[in-house]
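Participant: Sequence:
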Amino acid sequence: MEQFKKIQSKIDQYSNNIEEALSLPEITIKYGLNSYRYGSSSFLSDLFDPVEITNETVFYDLGSGYGNIILYGAIKYPEARFKGIEILEERNKVCISLIEKEGIANATAISDDILKADISDGNVFYLYNPLFDFQYEALLNKLYQISLKKNITVIAESRCIFFDEAGWLEQYDLKDIDVVRKIKYYRSTKY
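Per this note's numbering, the sequence shown starts with residue 1, numbered consecutively.
Cross-link-like lysine to aspartate or glutamate pairs, in silico, DMTMM-like; alpha carbons within 25 Å at most:
no. : residue 1 : residue 2
1   : Lys142    : Glu89
2   : Lys182    : Asp46
3   : Lys5      : Glu89
4   : Lys190    : Glu52
5   : Lys5      : Glu90
6   : Lys182    : Asp12
7   : Lys6      : Glu20
8   : Lys190    : Glu137
9   : Lys149    : Glu137
10  : Lys76     : Asp121
11  : Lys150    : Glu137
12  : Lys101    : Glu2
No lab work stands behind these hints: they were computed from the structure.
All chains, full assembly: derive it from the sequences and hints.
Facilitator: Dropping the structure here:
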């Protein structure tokens, strides 16, 4: 994964400058009331282990930031498609630039609100705490509608309680990172 190490280094360079320049009042006026926290899994190699990735996989990172997850996944699994949705254009532009510079054909990134974007082609959805608590109900409803047409997998890193309580999802794997952080894997049960 030498290619990804170079990408990660570039992401770190860009993200430090961009995050320091972001103004919460300005981005709230521009994009509305959303969670703009930035964080990304540092357990990339472990993250994908419990998920079956095939040429049928359409993997979404909901709240993709600078694209760490989708870029890593796209390089490791060239047969699958990886899509990132990030509300902040400033972050998303970095991901788009890296996709183009590295010629990663199976990754795309869009700047949009994950509650409004069309994600219906997806079958794997990863989240690293992209929403405020009151927004999870809308996201769960959106994912539930997709699960009525096909089996889906949800990977939640942080804020897992909302997925634990969804009666149409069953947990099938757990990675304890530390006392507080966990990565939980869920499958839909309705389809």
